[in-house]
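Residue numbers (UniProt numbering), protein chains in the order written: chain A, 1 to 191; chain B, 1 to 191.
The set of hints was computed from the structure by calculation and includes no laboratory data.
Computed from a predicted structure; not experimentally measured.
Fair warning: there could be bad hints in the mix.
Stated by the list, open to error - If you want the ones that stay clear, here's a sample from chain B, every Cβ over 12 angstroms from chain A, calculated:
#1 13
#2 37
#3 98
#4 105
#5 116
#6 138
#7 179
#8 185
What the hints assert, rightly or not - Label-pair ranges, simulated between beta-carbon atoms:
#9 A/123 with B/139: 31 to 39 angstroms
#10 A/6 with B/150: 19 to 27 angstroms
#11 A/38 with B/22: 35 to 43 angstroms
#12 B/126 with A/108: 29 to 37 angstroms
A virtual CB, placed ideally from N, CA and C, is assigned to each residue, including glycine.
2 protein chains.
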Amino acid sequence: MPRFCDPPLFSMERAATALLGVRCYGTHLNGYTWRRGRPCMWLGRRALTKPTYPGQLDNLAAGGIAVGLGVTETLVKECQEEACIPPALAAQARPVGTISYTYEDHRGIFPECQFVFDLELPEEFEPHVGDGEMQEFYLLGLDEVKDAIASGDFKPNCALVALDFLIRHGHLQPDHEPHYAELVEGLHRSR
Amino acid sequence: MPRFCDPPLFSMERAATALLGVRCYGTHLNGYTWRRGRPCMWLGRRALTKPTYPGQLDNLAAGGIAVGLGVTETLVKECQEEACIPPALAAQARPVGTISYTYEDHRGIFPECQFVFDLELPEEFEPHVGDGEMQEFYLLGLDEVKDAIASGDFKPNCALVALDFLIRHGHLQPDHEPHYAELVEGLHRSR
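Start from the sequences, fold in the hints, and give me the full structure.
Following this line, the structure appears as structure tokens:
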């Protein structure tokens with residue numbers, strides 16, 4: 001399989017990649033903060049006008065990596081466009097790994113790899129709707145995030161990003177979650 | 001493939017599992033702290049009397065999960081036995097995921113899954129040799145940990161645990177490490 005670091009052979013319109021099963025790369029942000037000493041996560045709800053997954057829960061900011069843009073550069077751009085997060089704050093986001101998966105729908109096959117970032121936000125920070133890709137933002141406690149993941153209200157790959165956050169930060173316990181090992185492996189499929 | 005949560009069909013001596021290719025589970029601890037504001041990691045060097053990987057670098061504490069013991073229970077036990085970490089301190093370790101891999105040597109096939117924990121240690125804490133499985137402990141800066149991973153001085157699966165730590169804590173950058181995505185996927189092979 002070609003790698004992210006391989007020199008590009010040619011470029012194409014992103015919407016066409018699914019016809020060829022080409023792997024796409026993107027960035028997703030877990031934006032988290034504290035309220036009354038409890039950890040909370042900022043989530044967006046996708047606009048009803050989005051062609052894919054309208055009205056579903058999304059991470060605070062996310063977007064595909066276009067030709068010529070770097071990984072962190074894409075994240076900072078999406079943070080500003082989607083959630084009005086100032087670049088100086090977005091640049092403090094920490095890269096924490098990737099999630100990888102493949103899905104299929106009527107449009108084709110979608111192998112994807114998302115570079116994941118965590119950003120701890122000041123308590124007083126509030127995201128605002130930017131370019132209209134999100135309709136609203138919510139601050140949820142982590143138990144509510146777990147419920148949202150289980151409910152199917154999330155855009156599926158965004159649920160994986162939030163699940164990865166819960167695991168990496170110790171909010172799922174290997175002695176209490178029977179499928180802990182399978183959940184971690186399921187977040188990192190290489191094919 | 002059977003899962004960690006499946007009810008056991010029977011128990012066997014751990015040394016025999018490689019003959020049957022049975023997946024083994026264990027726990028590994030990333031013990032880290034700060035020196036003059038810089039993050040550092042405690043690593044052990046395995047005793048020369050160990051039958052496997054004698055004299056190689058290891059995580060601060062690690063061990064296989066035996067019949068009847070829980071994941072966290074195993075970690076706390078190994079912390080005390082190998083590095084004299086008091087149970088009350090070891091119990092503060094945070095579960096942060098798993099690494100999964102399969103290797104083969106002259107003894108057989110070893111599919112393994114390690115439950116990974118991070119423990120932030122007080123600056124004044126120093127591990128001590130316990131049951132003699134380790135001969136010495138070192139406190140290394142994270143650049144030195146990177147060099148040790150690249151040098152081959154590590155027991156291989158312990159290098160994966162340390163690499164996973166560096167990635168999760170943002171000490172590798174997706175824009176600077178060309179194989180970032182492949183490194184993350186390589187830490188989580190399900191077969």
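Structure-based check of each hint:
The claim that residue 13 of chain B is not at the interface with chain A holds, since no C-beta of that chain comes within 12 angstroms of its own (minimum 22 angstroms). The claim that residue 37 of chain B lies off the interface holds: its Cβ sits roughly 17 angstroms from the closest Cβ of chain A, which is beyond the 12 angstroms cut-off. Here residue 98 of chain B does not stay apart from chain A, with its beta-carbon only about 4 angstroms from theirs, under the 12 angstroms limit. In this structure residue 105 of chain B is separated from chain A by more than 12 angstroms, as the shortest Cβ-Cβ distance comes to about 23 angstroms.
At roughly 9 angstroms, the least C-beta separation between residue 116 of chain B and chain A is not larger than 12 angstroms, which violates its mark as non-interface. A cut-off of 12 angstroms between C-beta atoms confirms that residue 138 of chain B is not in contact with chain A; the least separation is 26 angstroms. Not every CB of chain A is more than 12 angstroms from the CB of residue 179 of chain B (nearest about 6 angstroms), against its label as outside the interface. Not every Cβ of chain A is farther than 12 angstroms from the Cβ of residue 185 of chain B; the closest lies at roughly 4 angstroms, contradicting the non-interface assignment.
Under the hint 31 to 39 angstroms, the C-beta atoms of residue 123 of chain A and residue 139 of chain B, about 34 angstroms apart, fit the expected range. Checked against the given bound of 19 to 27 angstroms, the beta carbons of residue 6 of chain A and residue 150 of chain B, roughly 22 angstroms apart, stay inside it. Distance hint check: the CB atoms of residue 38 of chain A and residue 22 of chain B are about 41 angstroms apart, consistent with the given range 35 to 43 angstroms. Under the hint 29 to 37 angstroms, the C-beta atoms of residue 126 of chain B and residue 108 of chain A, about 57 angstroms apart, miss the expected range.
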